[in-house]
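J.: Residues per chain are reported as follows:
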Amino acid sequence: MQNRVEIVRAAKQFSVRVIISNKEGAADPEGETIFRDLVLRSGYKQVKSIRTGKFLSFEVAAEDAADARTIVARMCDDLRIYNPAAHSIRVEA
Amino acid sequence: MAGSLRVAVVRFPGSNCDLDALRALRNVRGISPELVWHEDSEVSKYDAVVLPGGFSFGDCLRAGAIAARSPALRRVSRLAERGLPVLGICNGFQTLIESGLLPGSLLRNTTLRFVCRWVTVRVENNRTLFTRGMKEGQVLRMPIAHNEGRYFAPEGDLRRLVSEGQVVFSYCDEGGRVTAASNPTGTLLNIAGICNNEGNVVGLMPHPERAAERILSPFDSEDGRLVFESLLRSD
Chain G
1 MQNRVEIVRA AKQFSVRVII SNKEGAADPE GETIFRDLVL RSGYKQVKSI
51 RTGKFLSFEV AAEDAADART IVARMCDDLR IYNPAAHSIR VEA
Chain C
94 MAGSLRVAVV RFPGSNCDLD ALRALRNVRG ISPELVWHED SEVSKYDAVV
144 LPGGFSFGDC LRAGAIAARS PALRRVSRLA ERGLPVLGIC NGFQTLIESG
194 LLPGSLLRNT TLRFVCRWVT VRVENNRTLF TRGMKEGQVL RMPIAHNEGR
244 YFAPEGDLRR LVSEGQVVFS YCDEGGRVTA ASNPTGTLLN IAGICNNEGN
294 VVGLMPHPER AAERILSPFD SEDGRLVFES LLRSD
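Chains as they are written, first to last, in the numbering used here: chain G, 1 to 93; chain C, 94 to 328.
Do not rely on the hints blindly, as some may be mistaken.
One-sided and incomplete, this derived list gives chain G residues near chain C with beta-carbon spacing under 10 Å [what the hints assert, rightly or not]:
(1) N22
(2) E30
(3) T33
(4) G53
(5) A66
(6) R69
(7) A73
(8) A86
(9) H87
Don't read these hints as lab results, they were simulated from the structure.
Note that the Cβ used here is the ideal one computed from N, Cα and C, for glycine as well.
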């Protein structure tokens, strides 16, 4: 039995979400297939296009939400979480 | 062999064309290749580096994206900066792209399928360290086997790539014509391989190491040998 209580100095944590999708000029065949073969074929004529992407969710210890966002945005550039040649990125805190 | 060219074949978790590359290199007189695990790579002591095909780190995030941030790639980068030859095949090409050693991106094939078949490519630039043994316009037969080989770059970058002669191989028909029908993946301008500005770093999606021995090819092709033999040309 572990009954030792660890006291962790609680830095505040924030959720930061990153959405990576292909740039306008880069075809998104997966989005096109879902659009054409599922959505339109099923009669959802109101839908005009679909783009797919990749979603990452980060839990970040930071001073505030803006700080958390900056940390993640910088990291995305630094580690090339996205490829700027082909992708656009949205970072939301 | 004294004075032979020492080539490192860097193995990542998930590489599966490493032994093929090793064998294809070994078959070229004057090259002595060695397998090097990415974590202990003393890459700097070699004369050239080959990043083989397969996968790396489960291709999480994107094919080659994690290998591109590994310490091994930092060492490969320094070697490339010194002008030494660096070749990336398939996943190795994806890794070179993700590391920034080569420009642009490799996206999922428009077919949304893993494409595995023999293709023909045209040599567009025979001045790189891996194509010096070829003729411009020469048609090579090699197999491809990948899911993410659709080259993409924004229009301006693509124009620059072409005008600087950085397109090294394009998919073509058997007569060497670059046609839409001979494009297996939806890759822009039928691009199958590119190089950096200096021509010492080359990446390609086709597998020269699988087309380096007649007996292993349904087409009796050993065209892939030319890629490795080019390393020994000094003209």
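J.: Each hint should be assessed against the structure and marked as holding or not.
T.: Hints, verified against the model:
1. N22: This hint holds: N22 (chain G) lies near chain C, its Cβ roughly 7 Å from the closest one there, short of 10 Å.
2. E30: 6 Å, holds
3. T33: Status holds, d = 7 Å.
4. G53: Status violated, d = 12 Å.
5. A66: 26 Å, violated
6. R69: Violated, about 20 Å.
7. A73: Status violated, d = 17 Å.
8. A86: At about 4 Å, which falls below the 10 Å cut-off, the nearest Cβ of chain C leaves the hint on A86 (chain G) intact, so it holds.
9. H87: 8 Å, holds
Going down the numbered hints, you'll see the structure goes against 4, 5, 6, 7, while the others check out.
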